[in-house]
Amino acid sequence: MASNSPADERKTLGSVEKAFNILDQIKSEGQIGLSDLAGQLDIPKSTVHIYLQTLQSEGFVVQIDEEYTLSYRFLEYGGSFRNRSKLFRTARAEVDKLEADTGEVASLGIEENGLRVLIYKSEGPDAIHDNAPVGEYTHMHWTALGKAILAHYPRDRVDSIIDRHGLPRANKYTITERDELFEELERTRDRGYSIEDQDRRQGVLTIGAPIHSRSNDEVVGSVSVSGPKSRIEETERFEELVAAVKKSANVIELGFSHY
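Number 272 in the numbering used here belongs to position 258 of the sequence shown; there are no gaps in the numbering.
In short, the hints are calculated from the structure, not lab data.
Accuracy of the hints is not assured; some may be wrong.
Said to hold, decoys possible - Pairs of lysine to aspartate or glutamate residues, derived as EDC-like cross-links and limited to a Cα-Cα distance of at most 16 Å, are as follows:
no. : residue 1 : residue 2
1   : Lys100    : Glu125
2   : Lys261    : Glu113
3   : Lys260    : Glu80
4   : Lys59     : Glu80
Sequences are here, hints too, so could you generate the full structure?
Here it is in structure tokens:
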């Protein structure tokens with residue numbers, strides 16, 4: 015009989031971890047040479063070279079002159095997985111409509127392994143461009159998408175996420191104290207929407223709303239609009255965007271529940 019002890023659950027393959035460390039470093043650098051990669055990871059050049067040759071032969075790394083970069087194979091994997099997502103298929107058109115109606119960046123997010131994942135984004139010509147790529151993982155407490163989800167999680171689940179990832183600071187506006195975060199999550203539940211007021215990027219304000227499955231009332235994701243704080247915080251504009259985000263969340267919920 016297989017053992018399910020915590021010790022067994024922590025077992026990992028060092029070679030696989032090393033391969034992903036190499037991929038993470040390439041992603042961080044964008045493009046990097048063998049010597050620099052080996053030096054930054056403190057791994058012998060000969061070892062790194064073997065990994066790179068293997069990853070290149072499998073199509074996950076591309077060599078450009080003397081440097082290496084990730085390949086578009088990752089886009090194929092991510093796109094294929096996302097297209098199977100019931101939430102993405104249900105929400106995509108509504109997120110596009112939210113962007114068109116508001117003129118601001120509209121985003122769709124989920125929680126995975128305690129982090130916020132940006133699974134879709136729609137931005138028009140007048141929207142603020144924050145360069146956050148689709149597929150980006152970041153701390154839940156930094157974003158309106160993340161806080162909208164956390165606000166509807168049981169406290170013990172939020173505590174476990176904080177225990178795992180902490181509450182690191184993105185800038186001087188970021189919530190970094192557990193009690194302060196729980197107070198913010200309570201306010202979020204009471205008003206029905208979340209606010210990211212420069213928590214991550216100075217000058218940017220985001221309004222988010224949770225998306226629930228109406229079959230079991232569990233939160234399955236969130237939707238948001240982002241724009242310049244100076245433009246969004248105008249009282250009338252702010253209220254219009256709150257209404258638009260909450261309406262989109264309701265539309266997505268209906269579609270998700272009847273998909």
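Each hint tested on the structure:
1. Annotation: proposed proximity of lysine 100 to glutamate 125 holds, straight-line Cα distance about 15 Å (limit 16 Å).
2. Between lysine 261 and glutamate 113 the CA atoms are separated by roughly 13 Å; this keeps the pair inside 16 Å, and the hint holds.
3. Proposed proximity of lysine 260 and glutamate 80 is contradicted: the alpha carbons are some 50 Å apart, above 16 Å.
4. Restraint check for lysine 59 and glutamate 80: the C-alpha separation of about 14 Å stays at or below 16 Å, so the hint holds.
In summary, the one numbered hint that this structure violates is 3.
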